[in-house]
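Peer 1: Here is what each chain is made of, one letter per residue.
Number of protein chains: 2
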Amino acid sequence: MAIPRVVIIGAGFGGLQCARRLAGKPVDVLLIDKNNYHLFTPLLYQVASSLLNPSDIAYPIRAVFRHAKNVRFRVAEVTAVDFDAKVVKTADGTGIPYDYVVIAAGSATNFFGLATVGQVAQGLKDLPEALELRNHILRCFEAAAGECDEAARRKWLTFVVVGGGPTGVEYAGALSELVRLVLVHEYPELDLSAVRIVLIEAMGQVLPLFSETLGRDTEAELEKRGIEVRLNTRVVDASDETVQLSSGERIETKTLVWAAGVKPAVLAAVVDVSRSRSGRIEVDKFLRIKGRQNAFAIGDIASYVQDGGEVPMLSAPAMQEGRHVADTILRAMRGEALVPFHYRHKGAMATIGRNAAVAQIGRMSLTGFVGWVAWLLLHLYSLIGFRNRIAVLLGWAWNYVWYDRPVRIIVRANEHAPNSHSPPLIVSQHESRKVANG
Amino acid sequence: MAIPRVVIIGAGFGGLQCARRLAGKPVDVLLIDKNNYHLFTPLLYQVASSLLNPSDIAYPIRAVFRHAKNVRFRVAEVTAVDFDAKVVKTADGTGIPYDYVVIAAGSATNFFGLATVGQVAQGLKDLPEALELRNHILRCFEAAAGECDEAARRKWLTFVVVGGGPTGVEYAGALSELVRLVLVHEYPELDLSAVRIVLIEAMGQVLPLFSETLGRDTEAELEKRGIEVRLNTRVVDASDETVQLSSGERIETKTLVWAAGVKPAVLAAVVDVSRSRSGRIEVDKFLRIKGRQNAFAIGDIASYVQDGGEVPMLSAPAMQEGRHVADTILRAMRGEALVPFHYRHKGAMATIGRNAAVAQIGRMSLTGFVGWVAWLLLHLYSLIGFRNRIAVLLGWAWNYVWYDRPVRIIVRANEHAPNSHSPPLIVSQHESRKVANG
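Each protein sequence line maps, in turn, to chains H and R.
Sequential numbering of the first sequence, starting at 1, is according to our numbering.
Sequential numbering of the second sequence, starting at 1, is according to our numbering.
Watch out, some of these pointers could steer you wrong.
As the list claims (entries may be wrong) - Derived coverage of chain R by chain H (criterion: at least 3 residues anywhere in the stretch with Cβ under 8 Å from a Cβ of chain H; other residues may be distant):
#	segment
1	66-79
2	131-138
3	184-191
Hints were generated in silico from the structure; no laboratory data involved.
Quick caveat, the model's predicted, so the values are computed rather than measured.
Even for Gly, the Cβ is constructed at its ideal location relative to N, Cα and C.
Produce the complete structure using the sequences and hints provided.
Peer 2: Structure, rendered in structure tokens:
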């Protein structure tokens, strides 16, 4: 009997856990991602604030599966899934047959229909965006240093961060420390007390998923760090030089960082499935895509309903779902009864800066130094690979002792020359057959 | 009396040494570079071969001068120098007045007039190029893994490196180790014995500036590592898929790495000075630009003649010249007699791979493990900044023990959206006055 092939679309938290669980099992796994690395997104904001190197939080996927003979990997962009023919289609028109498919394509930044904002805002959702933001912030300070008009200089030195969830809070805190602890020593020509960092949150508290007390604590910590917090406020419009708020306030700025929300990856909208109101792929209690055979969806792209609501778009449920689907596939292969998925919420954390983080674990709240240590340990533990743990730990220790952000370089890889010979990113043709488009 | 202003164009080895020597002295120094970091170019090939992070070899220039109150820095591109008006002009049209100017703008890749080669070849001269090359090589392996046509796959897996100087030798060696020691474990679908690395050198030996014996040793070491060495051979033409050699041989490849030579930076050609046959700015025995007042040129861009020949375009003479010019400016300010420059050649080194390097120090030759240790120590010592030394040392140790190249990620920073608000890179206007163009 042929060994069943499991195709996993996406090597984020969900897809990677699923593939790892299937390593060494009697299946052929093909893991597909548009990047050749798994990204530890919770620390992206530290790349964007010049603290960590990209490779500290990006782990080559092939290295993860070096010793797993039944897991293969391909760099490719999946454009469609033909559930009837059981084929995954990629951008170059090839098709990859599957026996089981797991859609784990994640999410994208949500601009909530604000077209002007989408044009000027900077995301913080993937590595190219984090590097772009790092470059941009450093350029702003260089531009301010060369600007003699005070109003123009103020624009360079005003930074608006939208979204009071963990990403926005953590980035605002890290940016504040970059300015107050590092750059202040290196721009004698600038009065850095003129720097403004404004954090904007639509709800009535920062960290809306945490308790109200932790929200207040966090707000106070942010304000202690010179960050202006605007609650119950939304961005309604933006241009190259201004951000317009729902309160009527108008902020002159060259920097609008958007961490206000995510939506399911575009693949959710192009595959022929039923979707929830939030656009996520509807799955049953076994994480099977409703109305489809041998097809699963997990993580941000999947709408799993528990206790009357969708499981949130976070790494923890994605990882639990990934492992569960791997087990479900193995059970189905053995003809065993399937077990329904149940998400266990273990807590949430966010760091504000040196010695300050908040954590909510069940009914327990941790704040300040204790919360910060808990945050550090959990994130170190969650990183993949011994080297990355060491590199991140050393980076943090360096920063802690020396108040330094070592990765303050403005650089981006050259684009390959137009008529040069950089390869397209294609999926294996050894193992696939051409599928007619459409 | 006003404090004289020294404007230094370029923060490479020469410019940086000059600025450091002037720190704390009774001058105002303005250091200008198009990047915000000083680049330790001798280790660029290790970034291009996935071993080091960009920030390990790029040090923020403002951090170097954090404690030097009389040294300021600006990110800007210098487009001209008006020696009569004593003004340095930058790309945005502003002009910076000087009392002394030091041109240390370095060099650029030399394609020796081969236009087709210039279009398809990849350089290894700056950080964006090194990152581009890293991405390209990793993509080649992904593309080969997805290619079922054997001839096409061979093209992805053939790598031509042109130039048998230290850069070409070191990169070819590092690429060979990346393939044989790391990637071989992660591409089970590929037969990596099909990988070809061809090193092309126009002269009769590799490392032409070293002794013939060391050249032969190096060639043997390269061949032991599976690298094909072609001596007395030039590239005469290239396309997306082929490289044509002077021997008549034609190599089908998607990768042409150009490390065959450098020429003076473009600034040498646009300033009104006399130039040597090689296009470098002619200077007298005090490194003063011939026929100009209070203007100096150092490093790759300067033609300093000693013992009947131009001092080579290497970091060592640039650094010595930088320090000498700083001293010369201070002497001139004090009305003291000037001291002629004399370049002291201390030796040359190149590493081929694990436990193998060659060094020539006067009449002494080091090879093998001893040469390799000497190479490691010298390069660690030469890096700027304690953190970079530690980071590079740890990177090397990790690689040495685990045979791992940790930075195997294909990533580049996003381009800032066209209508977004990324700052232009401008020079200070506080301290400058507008100068009419032309």
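Peer 1: Name the hints, by number, that the structure is in violation of.
Peer 2: Of the numbered hints given earlier, the structure breaks none, since each of them holds.
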